[in-house]
Amino acid sequence: MQNGETITELRKGLGWTQEDFADKYGYLLQGYPVRREAIKHMEKHGFPKDPMRRAIVATLLGIPLAAVGLEQTPLSLETLVLPTVKNGPIDLVEYHSALQSYDRSLVGDGCDWRVALSDILGRIQALHNKVLYAGAQKLEMVQLLCGFHVTVADIASEQRLQNTVESFNNAIILAREYKLPQHYAYTLFRRGIFFEHNGNTEAASRDFHQALRVKKKLPPQLKGLILSTASRADSLCAEESEDVDDALDLSDEAENFISDHVEEEAFLTRFDKDRWLLSRVAVRIGSPLRACRHPDEALKELAQVGLSDESRLSAAREKESIILQAKIKIDKGEYAFATKLASDVTVIMREVQSYICVHDVEALYAALKETNYGQSREVLKLGVDLLKVQRPELFPVD
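My numbering puts the first residue of the sequence shown at 1, with every later residue one more than the last.
Treat the hints as calculated values from the structure; they're not laboratory data. Among the hints, erroneous ones may be present.
[To be verified] Pairs of lysine-lysine residues, derived as BS3-like cross-links and limited to a Cα-Cα distance of at most 27 Å, are as follows:
hint : residue 1 : residue 2
1    : 49        : 381
2    : 381       : 44
3    : 217       : 138
4    : 12        : 49
5    : 381       : 12
6    : 381       : 332
7    : 273       : 332
8    : 12        : 44
9    : 12        : 369
10   : 369       : 332
11   : 381       : 369
12   : 340       : 369
13   : 300       : 340
14   : 217       : 179
15   : 179       : 216
16   : 215       : 273
17   : 300       : 273
18   : 12        : 40
19   : 381       : 340
20   : 273       : 216
21   : 86        : 130
22   : 300       : 332
23   : 138       : 179
24   : 49        : 388
25   : 216       : 138
26   : 273       : 217
27   : 369       : 40
28   : 130       : 179
29   : 381       : 40
30   : 369       : 388
31   : 340       : 388
32   : 138       : 86
Make the full structure from the sequences, and use the hints.
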């Protein structure tokens, strides 16, 4: 698909003249139009050899990067880090402290994830070497193993490594085998979040509802968190209005478990009002059925986020709030504002080097492309901003 005839055909399919294409390509490449001759050369000789220029042309024409020779193979843990060797006896108190420390401060908060990952993999290796002969400490070691496997999965998810589901599955198998209902539910919840962030809402919903099968054995905030998240996923899968009503019922049930207290025994779970509100807004605006979306109600509830807490929203919640606002604005026809919001999310992702919202921005971009604003410079620029998050290696450091 890299020949010049393809470029000509796709350009004409978009209704662009060579001058139009030169204007848009130049704007995205360097901030001002390139000459028409550059496009004529491209249509004669094929896509640019420079990877960045080739990627921008592919994005403009709406074709996958793999089709122009820019396919990407996901990295694996094994190719990036080696486990830190842990000799001697295991200090369970120190291991618990380390796990909680990683849970609090890993991704997006200044921690070097490669160093952290090396340490965590070393701890997993040490626990595996000891757990079969641990006697009275076995169950505690299994709980630690579950926690560290989930942390590895979270890092892999954030950094777009290919080991995410494998690591979640390791924790789920351990929790099920050793009859640890809280760890089992929590790990299913975390895996469901991963599926949801990657657009597989049906798999996410299955995981959340599987976790809720043991909800009677869960601490209040973890129960509320899973109920609330399940309501969000269910609305995204809704096929009729009754499905959305059922999702709102789950959200109502979840509201009963709101608390500002952090449950130290439940994986540092915090299910506060903001967390509930963000999921509630997602239910209001998430349905694929236009008649079941309520943007005005969603906007009112979104305006309440942050009011109950004097502290600044975390980067993760800020991204989620902006994405929801962008969805609302698209539904209300305010495309320019929605485009600006989506672009803001790409800036945050690059700043904190956390990429779990990439699929959400991809969905916003796709929705905007389908509108009468879809060929604007701003939407085209959003496509390149998104590309810089998806494939940062193609772009030189500013």
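Hints versus structure:
A C-alpha spacing of about 21 Å is found between residue 49 and residue 381, which places the hinted pair at or below 27 Å, so the restraint holds. As the CA atoms of residue 381 and residue 44 are separated by approximately 26 Å, the hinted pair is consistent with the 27 Å bound. Distance restraint check for residue 217 and residue 138: the Cα-Cα separation of roughly 21 Å lies within the 27 Å cut-off, and the hinted pair is therefore satisfied. Taking the CA atoms of residue 12 and residue 49, the gap is about 22 Å. The hint holds against a cut of 27 Å.
Annotation: proposed proximity of residue 381 to residue 12 holds, straight-line Cα distance about 20 Å (limit 27 Å). Restraint check for residue 381 and residue 332: the C-alpha separation of about 22 Å stays at or below 27 Å, so the hint holds. With a CA separation close to 26 Å, the supplied pair residue 273 and residue 332 stays within the 27 Å bound. For a cut-off of 27 Å, the pair hint linking residue 12 to residue 44 stands: about 15 Å separates their Cα positions.
This hinted pair checks out: residue 12 and residue 369 have alpha carbons roughly 17 Å apart, not beyond 27 Å. Among the hinted pairs, residue 369 with residue 332 is consistent with the structure: their alpha-carbon atoms are about 15 Å apart, no more than 27 Å. Between residue 381 and residue 369 the CA atoms are separated by roughly 12 Å; this keeps the pair inside 27 Å, and the hint holds. The suggested pairing of residue 340 with residue 369 holds, with an alpha-carbon distance near 14 Å, which does not exceed 27 Å.
Distance hint between residue 300 and residue 340 is fulfilled; the C-alpha atoms sit about 20 Å from each other, no more than 27 Å. Of the supplied pair hints, the one linking residue 217 and residue 179 holds, its CA atoms being roughly 12 Å apart against a limit of 27 Å. Of the pairs offered as hints, the one joining residue 179 and residue 216 holds, with about 14 Å between alpha carbons and a cut-off of 27 Å not exceeded. At roughly 20 Å between alpha-carbon atoms, residue 215 and residue 273 fall within 27 Å of each other, so this suggested pair holds.
Of the pairs offered as hints, the one joining residue 300 and residue 273 holds, with about 14 Å between alpha carbons and a cut-off of 27 Å not exceeded. Between residue 12 and residue 40, the direct Cα distance comes to roughly 13 Å. Compliance with the 27 Å bound is thereby established for this hinted pair. Restraint check for residue 381 and residue 340: the C-alpha separation of about 10 Å stays at or below 27 Å, so the hint holds. Restraint check for residue 273 and residue 216: satisfied, since their Cα atoms lie roughly 22 Å apart, inside the 27 Å limit.
Restraint check: the Cα-Cα separation between residue 86 and residue 130 comes to about 11 Å, which is no more than 27 Å; the hinted pair holds. Straight-line distance between C-alpha atoms of residue 300 and residue 332 comes to about 14 Å, which keeps the hinted pair within the 27 Å bound. The suggested pairing of residue 138 with residue 179 holds, with an alpha-carbon distance near 13 Å, which does not exceed 27 Å. Taking the CA atoms of residue 49 and residue 388, the gap is about 18 Å. The hint holds against a cut of 27 Å.
Distance check on the hinted pair: residue 216 and residue 138 sit about 25 Å apart at the alpha-carbon level, within 27 Å; holds. Straight-line distance between C-alpha atoms of residue 273 and residue 217 comes to about 23 Å, which keeps the hinted pair within the 27 Å bound. Annotation: proposed proximity of residue 369 to residue 40 holds, straight-line Cα distance about 26 Å (limit 27 Å). Restraint check: the Cα-Cα separation between residue 130 and residue 179 comes to about 19 Å, which is no more than 27 Å; the hinted pair holds.
Distance check on the hinted pair: residue 381 and residue 40 sit about 22 Å apart at the alpha-carbon level, within 27 Å; holds. Annotation: proposed proximity of residue 369 to residue 388 holds, straight-line Cα distance about 18 Å (limit 27 Å). A threshold of 27 Å between alpha carbons decides the hint, and for residue 340 with residue 388 the separation of about 16 Å falls inside it, so the pair holds. Only pairs whose Cα atoms come within 27 Å are accepted, and residue 138 paired with residue 86 is accepted, the gap being roughly 18 Å.
In terms of the numbered hints stated before, the structure departs from none.
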